[in-house]
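Undergrad: What follows is each chain in one-letter form.
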Amino acid sequence: MDQKYIRNFCIIAHIDHGKSTLADRLLEYTGALTEREMTEQVLDKMDLEKERGITIKLKAVQMNYTATDGQEYLFNLIDTPGHVDFTYEVSRSLAACEGALLVVDAAQGIEAQTLANVYLALEHDLEIIPVINKIDLPSAEPERVRQEIEEVIGLDGQDAILASAKEGQGIKEILEAVVHKIPAPQGSPTAPLKALIFDSHFDSYKGAIPYLRVFDGSLKKGMHISLMSTGKIFEVTEVGIFTPALKTVEVLPAGTVGFLAATIKNVKDTQVGDTITLAAKPTDSPLPGYRQATPMVYCGLYPLDTGDYENLREALEKLKLNDASLEYVPETSVALGFGFRCGFLGLLHMEIIRERLEREYDLELLITAPSVVYKVLKIDGETILVDNPLALPPVPEIAEIAEPYVQATIMVPNDFVGPVMELAQGKRGTFITMNYLSMKRVMLKYDLPLSEIIYDFFDQLKSRTKGYASLDYEFADYRVSPLVKLDILLNNEVVDALSFIVHRERAYARGRALVEKLRRLIPRQMFEVPIQAAIGNKVIARETVKALRKDVIDKCYGGDITRKRKLLEKQKEGKKRMKQVGNVEIPQEAFMAVLSLEED
Amino acid sequence: MKTVGIYVHLPFCEQKCYYCDFVSFAKCSEQEKETYLQALAQEAKIYQRFLVGITGKSLYLGGGTPTCLTAKQLGQLFTILSDFFKLPTGIEITVEANPGTLNREKLQVLRKVGCNRLSLGVQSFSVHDLQVLGRIHSPRDVYNTYQLARQVGFANISLDLMYGLPGQSLLGWRDNLKKAVELEPEHLALYQLNIEQGTPFAKLVQNGLLEEFSQDKAFLMYKETSDFLQVHGYRHYEISNFALPGKEAIHNSLYWLNEEYLGLGVGAAGYVQGIRYVNTADLDVYQALLRQGQLPQAVKEPIKQELAMAETMFLGLRLLKGVSKEKFLKKYGITIENKYGDVLEKLKRQGLLQETATHVALTKEGLPIANLVFQEFL
Numbered sequence: 001m002d003q004k005y006i007r008n009f010c011i012i013a014h015i016d017h018g019k020s021t022l023a024d025r026l027l028e029y030t031g032a033l034t035e036r037e038m039t040e041q042v043l044d045k046m047d048l049e050k051e052r053g054i055t056i057k058l059k060a061v062q063m064n065y066t067a068t069d070g071q072e073y074l075f076n077l078i079d080t081p082g083h084v085d086f087t088y089e090v091s092r093s094l095a096a097c098e099g100a101l102l103v104v105d106a107a108q109g110i111e112a113q114t115l116a117n118v119y120l121a122l123e124h125d126l127e128i129i130p131v132i133n134k135i136d137l138p139s140a141e142p143e144r145v146r147q148e149i150e151e152v153i154g155l156d157g158q159d160a161i162l163a164s165a166k167e168g169q170g171i172k173e174i175l176e177a178v179v180h181k182i183p184a185p186q187g188s189p190t191a192p193l194k195a196l197i198f199d200s201h202f203d204s205y206k207g208a209i210p211y212l213r214v215f216d217g218s219l220k221k222g223m224h225i226s227l228m229s230t231g232k233i234f235e236v237t238e239v240g241i242f243t244p245a246l247k248t249v250e251v252l253p254a255g256t257v258g259f260l261a262a263t264i265k266n267v268k269d270t271q272v273g274d275t276i277t278l279a280a281k282p283t284d285s286p287l288p289g290y291r292q293a294t295p296m297v298y299c300g301l302y303p304l305d306t307g308d309y310e311n312l313r314e315a316l317e318k319l320k321l322n323d324a325s326l327e328y329v330p331e332t333s334v335a336l337g338f339g340f341r342c343g344f345l346g347l348l349h350m351e352i353i354r355e356r357l358e359r360e361y362d363l364e365l366l367i368t369a370p371s372v373v374y375k376v377l378k379i380d381g382e383t384i385l386v387d388n389p390l391a392l393p394p395v396p397e398i399a400e401i402a403e404p405y406v407q408a409t410i411m412v413p414n415d416f417v418g419p420v421m422e423l424a425q426g427k428r429g430t431f432i433t434m435n436y437l438s439m440k441r442v443m444l445k446y447d448l449p450l451s452e453i454i455y456d457f458f459d460q461l462k463s464r465t466k467g468y469a470s471l472d473y474e475f476a477d478y479r480v481s482p483l484v485k486l487d488i489l490l491n492n493e494v495v496d497a498l499s500f501i502v503h504r505e506r507a508y509a510r511g512r513a514l515v516e517k518l519r520r521l522i523p524r525q526m527f528e529v530p531i532q533a534a535i536g537n538k539v540i541a542r543e544t545v546k547a548l549r550k551d552v553i554d555k556c557y558g559g560d561i562t563r564k565r566k567l568l569e570k571q572k573e574g575k576k577r578m579k580q581v582g583n584v585e586i587p588q589e590a591f592m593a594v595l596s597l598e599e600d
Numbered sequence: 001m002k003t004v005g006i007y008v009h010l011p012f013c014e015q016k017c018y019y020c021d022f023v024s025f026a027k028c029s030e031q032e033k034e035t036y037l038q039a040l041a042q043e044a045k046i047y048q049r050f051l052v053g054i055t056g057k058s059l060y061l062g063g064g065t066p067t068c069l070t071a072k073q074l075g076q077l078f079t080i081l082s083d084f085f086k087l088p089t090g091i092e093i094t095v096e097a098n099p100g101t102l103n104r105e106k107l108q109v110l111r112k113v114g115c116n117r118l119s120l121g122v123q124s125f126s127v128h129d130l131q132v133l134g135r136i137h138s139p140r141d142v143y144n145t146y147q148l149a150r151q152v153g154f155a156n157i158s159l160d161l162m163y164g165l166p167g168q169s170l171l172g173w174r175d176n177l178k179k180a181v182e183l184e185p186e187h188l189a190l191y192q193l194n195i196e197q198g199t200p201f202a203k204l205v206q207n208g209l210l211e212e213f214s215q216d217k218a219f220l221m222y223k224e225t226s227d228f229l230q231v232h233g234y235r236h237y238e239i240s241n242f243a244l245p246g247k248e249a250i251h252n253s254l255y256w257l258n259e260e261y262l263g264l265g266v267g268a269a270g271y272v273q274g275i276r277y278v279n280t281a282d283l284d285v286y287q288a289l290l291r292q293g294q295l296p297q298a299v300k301e302p303i304k305q306e307l308a309m310a311e312t313m314f315l316g317l318r319l320l321k322g323v324s325k326e327k328f329l330k331k332y333g334i335t336i337e338n339k340y341g342d343v344l345e346k347l348k349r350q351g352l353l354q355e356t357a358t359h360v361a362l363t364k365e366g367l368p369i370a371n372l373v374f375q376e377f378l
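Going down the list, the protein sequences come from chains Z and R. For reference, each letter of the first sequence is one residue, going 1 to 600 in our numbering. For reference, each letter of the second sequence is one residue, going 1 to 378 in our numbering.
Source of the hints: derived by calculation from the structure; they are not laboratory data. Remember, it's a predicted structure, so these values are computed and weren't measured experimentally. Backbone N, C-alpha and C define an ideal beta-carbon position, used for all residues, glycine too. None of the hints are false.
Computed from the model, here is a short list of chain Z residues facing chain R with C-beta under 7 Å:
id, residue
1, Leu548
2, Arg549
3, Lys550
4, Asp551
5, Glu569
6, Lys572
Result set (BS3-like, lysine-lysine): computed pairs, CA atoms no more than 25 Å apart in a straight line:
id, chain 1, residue 1, chain 2, residue 2
7, Z, Lys462, Z, Lys440
8, Z, Lys566, R, Lys203
9, Z, Lys4, Z, Lys220
10, Z, Lys546, R, Lys348
11, R, Lys223, Z, Lys564
12, R, Lys346, Z, Lys575
All chains, please: the whole structure from these sequences, using the hints.
TA: Encoded structure:
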């Protein structure tokens, strides 16, 4: 098919604004799937995604659409994840498209996440078609949203299509707008091959399968291709398209979206953003924008049952096959034994991996408090990266510590501006700008330490704004801060897995809050357990878990022994789930306690 | 012929106490009680046929409040039981009684049918405590009933009291202990109030209206109880039970020695021929099943040797004397040391367990935190 009949586009939407439902309707309307084949929301495949109502893994799908002018068009819809952890992935899928549908909830308006992605799309010169969705809701305010689209994004709000994906309203208008507004691909079919990887998955028979967009040239079985970031060469064994199931085709011509298989053993070799070209006749310039995915957040993952260490290793290996951004290295903790230090794109990514390990691999895990990556300048002039509080050099060796800052964009109804500013300042934020998006909505920008964001910023933001605020952020830079390592001692011994790095001025309050929380979390033991928070040798807070004094089933009345036994069994089970550190038994929640402290 | 303890559950109460999670129903009609006695007869009949000639080792009427029955109904109940089971003269026959439900006539009937032990649910001598618990009787009722029982000839009386009640002070508990001892009962059962799921108390705790009792205070009460009663001549023979020498509860000891017993009645538990069972707690289902000639067991669990040994340990250790090594070996063909060597060593090291030539027993330190010990055998 001639390139001029191809349209490649994606959907930009905030969580719950109806992206997946709209995608389903488009598939249904174009007959890509018969109604019988439709399972609710095909684009979200993993259980986790469905439960959370968000899309984590990118997918793509091809559709054929006969427009009102009688011409048949080929559409490629590329799905994008809707979370700040995956901004880079979003930018790569946008780069594979010529246009985007901007879906805005008619009742909610534009959210920070959406805005961030729209700006990304505009950076990539994408044609944007605004769609105001959920107009069937009684609370829909399409006119207000039109105004927001104009004022916030600068697009003509009057052009926005009114739709209800749920009711199937506006679908045809959207498909026609795709035909008429989104430009056809402009690549050269005769130039050397140039294709962009925007995602991949791992197939145990065929190896890593990159998902790609062909810009110039074409891709066929038997070709020797080169991946430009590494220079590695592979022979293509199969090319195909997404229907949405993978379907082999003869050739992927310029302008199309599809996949290839080339017995690539490692997903690391199919990095998102990399350019594929011909080994024998490479393109002179790779596609711009490639960077390696760098984890922003690290934590320790330990098997609750030490015998599960090998199983955890295997599970991580398997997950990594499909997720090049996941990092892990073995680590040992005095308190927790053998485990792994894992790097994630963000907290959601971390949470997803943890849940998958627990659900799909049936592992019980202990997870330590997440940490950002600090840059430590030592007095000998060496700079080291520290993603684990334990790796922080002794104080006398440290010249300075720098921590990552992000620029955060917060959108909020103007009634909540005060509380948000108070929160951001409390979290060491630096105010940048404030803009009114409409009469009632405000966009705030702050520079904030990433460590404060992963601490509890988002929860606090939600609770202080009754859930109305939305947040997006991007990495800004590293800044020097007065940071110290806070250790927790149980029964006079440092529990390494509980150490964390904190701003000096906050150390006292957080140490105090943490020991109090630990006192509540750690059950009474046979002996008294002192809990101390210390910076170096200086104890800054102390609490005591009193010794267990009375724990006995008093009555064995009426002879219902089974019930009493079950009670004891339950008690024992609860104990088994605790971690023995020295001779103190610590419940799992204690290791994450630092994340949900209520400071005065 | 089989000699076992027999437990009979009478699920009637004038009013349900706020802490109680036993199977019992308030405000039942006389008709309902009679129907229930018929069902009990059915159940006894099935067991009698099935086990062929059961002789009672002990008989225990629990509840609910068995003394909610009229004197006539109490008489009927004993007729039913002796119709189906052999109850040799002199075996321990205990009736639980609420001081607010007894009169001379009932006590005389009970004596006449052979009942020789009364377990009186006193709970507290403080009017305030009794109101908090939702008890229907007053301290005065306790004194009156107690004297009446002595007058009609009960020579073995046990008093039930609870500590750790909402708002109870150590002094308040001391006062209770003193008053209990002044009555000179043969036996005392002293429990800490436990908040059970589904009770009005549990709801209060959930709603933040009732705080769980301080563990430290409960410990002091427990310790004082043990010391005080021993000074007054009572032997602390089980975690929560005290008796004058020779007056230990025979029926309850069957549970602690992990022996078999028959349980009759709605919600009753039994252990017969290696199987533990619990009857349905639903009164209608209980009666319907028996009308159809079926046993009303809702849960049945065969106890294999491994589990039986564990139960022998965690039940037997409730007795201060401990578990007899010789009996264990005789029953299971393996010594306690061979079976539980590592666990015993660990618990001894922790100071929770002690061993003599003949017994394994809890230490004084282990008693109040015995759950830690019990778990180790499961």
